[in-house]
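Visitor: From first to last, the protein sequence lines stand for chains A and B. Per the working numbering, the first sequence starts with residue 68, numbered consecutively. Per the working numbering, the second sequence starts with residue 10, numbered consecutively.
By construction, these hints were calculated from the structure, which means they are not laboratory data. Hints should not be assumed to be uniformly reliable.
Using 16 Å as the maximum straight-line C-alpha spacing, the simulated EDC-like pairs for lysine to aspartate or glutamate come out as follows [unchecked claim]: (1) B/K81 / B/E131; (2) B/K159 / B/D84; (3) B/K238 / A/D98; (4) B/K231 / A/E135; (5) B/K231 / A/D128; (6) B/K231 / B/D84; (7) B/K20 / A/D98; (8) B/K16 / A/E95; (9) B/K81 / B/E239; (10) B/K240 / A/E95; (11) B/K81 / B/D206.
All figures in this text were calculated on a predicted structure; none of them were measured in a lab.
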Amino acid sequence: MRTIKYLSALIISLLLTLINHAQTDTAEMADTMRSNGRIYVVVAVVVVILLGLFLYLFRLDKKITRFEKNGS
Amino acid sequence: MFNIMRKSWWKILCVILLLYTFIGGFLMDVPRLPALSETIRNLYFHVCMWFCMMILFTVSVVYAIRYLRSNKLTDDINSRHFAAVGIVFGVLGYASGIVWMSYTWADPNNTSFQSFGAVAREPKLIGTAIALMIYFAYMVLRDSISDIDKRARITSVYNIFAYALLFPTIWIIPRMLPSLHPGGENGNPALDTKDIDSRMRLVFYPAVIGWTLLGVWITTLKIRFSLLKEKRLLQ
């Protein structure tokens with residue numbers, strides 16, 4: 068079943084490339100980024116930003132909890 | 010420490026799921042499709058905004074109905090903040106869609122004016138714009154009534170109507186018309202297991218849960234803050 072799905076996807080993509088003269092291979096993907104490992108830099112940057120945002124949220128959470136406990 | 014873990018386990022789950030979304034979303038295998046290429050990964054971000062918005066609006070309308078049954082003002086405050094954060098996620102979905110659209114739908118061979126004509130006819134764009142406008146009106150309506158009880162009752166009823174209008178504007182009409190979005194006239198692509206690639210489901214479902222938990226987390230902070238403010242006003 069899965070192989071049929073993959074095969075049909077492959078055939079469709081091949082047909083689409085026939086229509087699309089500009090594209091020689093299938094779709095253009097970030098293969099160079101992946102082969103020389105630069106994509107991990109992007110992931111690292113995104114994770115750093117995400118962790119920073121979570122830290123901020125946790126601190127905000129704690130601050131509000133403190134206010135709730137003090138009743139002020 | 011154990012107490013903190015028990016009370017905020019879902020916040021930790023949110024952190025884990027979103028970290029997984031960002032790492033897996035960037036690095037895991039996706040189908041190679043022409044025109045979309047690597048932008049297919051936006052499914053984990055752009056589409057999740059809309060899912061989160063829908064879930065938050067649903068919670069909002071549940072609290073609105075609860076207010077009408079119980080007359081407790083805390084229910085009304087909950088309802089308001091869930092709607093507000095839902096709007097934020099809706100606007101984020103719109104904004105991210107603009108970026109994605111301009112690199113995939115806008116035809117480079119056409120003038121930008123012609124591409125705009127095709128994109129502006131997109132039923133999902135018009136539908137969500139109407140839906141968000143209705144919720145903007147909810148916020149305006151709230152702030153225009155100064156009496157607290159009257160505001161709570163009127164806006165709770167309005168909230169039910171606003172939610173009812175989500176059905177035609179974002180779930181029914183866009184699925185009846187030809188669309189640039191996947192699915193179009195053949196139903197719901199994101200939840201149809203035969204449509205979405207199984208590799209993408211591996212990240213997509215956790216992403217939806219993670220983003221939703223983040224929305225709920227922000228909402229609870231807003232609710233707690235406004236409850237503190239109310240308490241201070243009473244003192």
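Visitor: Could you run down the list of hints and mark each one as holding or not?
Guide: Hint check results:
1. B/K81 / B/E131: violated (42 Å)
2. B/K159 / B/D84: holds (14 Å)
3. B/K238 / A/D98: violated (53 Å)
4. B/K231 / A/E135: The hint holds at about 13 Å.
5. B/K231 / A/D128: Cα-Cα ~10 Å, so holds.
6. B/K231 / B/D84: Distance of about 14 Å is within 16 Å: holds.
7. B/K20 / A/D98: violated (35 Å)
8. B/K16 / A/E95: With Cα atoms ~46 Å apart, B/K16 and A/E95 exceed 16 Å; violated.
9. B/K81 / B/E239: Answer holds: B/K81 to B/E239 is near 14 Å, not above 16 Å.
10. B/K240 / A/E95: Violated. B/K240 to A/E95 sits at ~57 Å, over the 16 Å cutoff.
11. B/K81 / B/D206: Distance of about 45 Å is beyond 16 Å: violated.
The structure is inconsistent with the numbered hints 1, 3, 7, 8, 10 and 11, although it conforms to all the rest.
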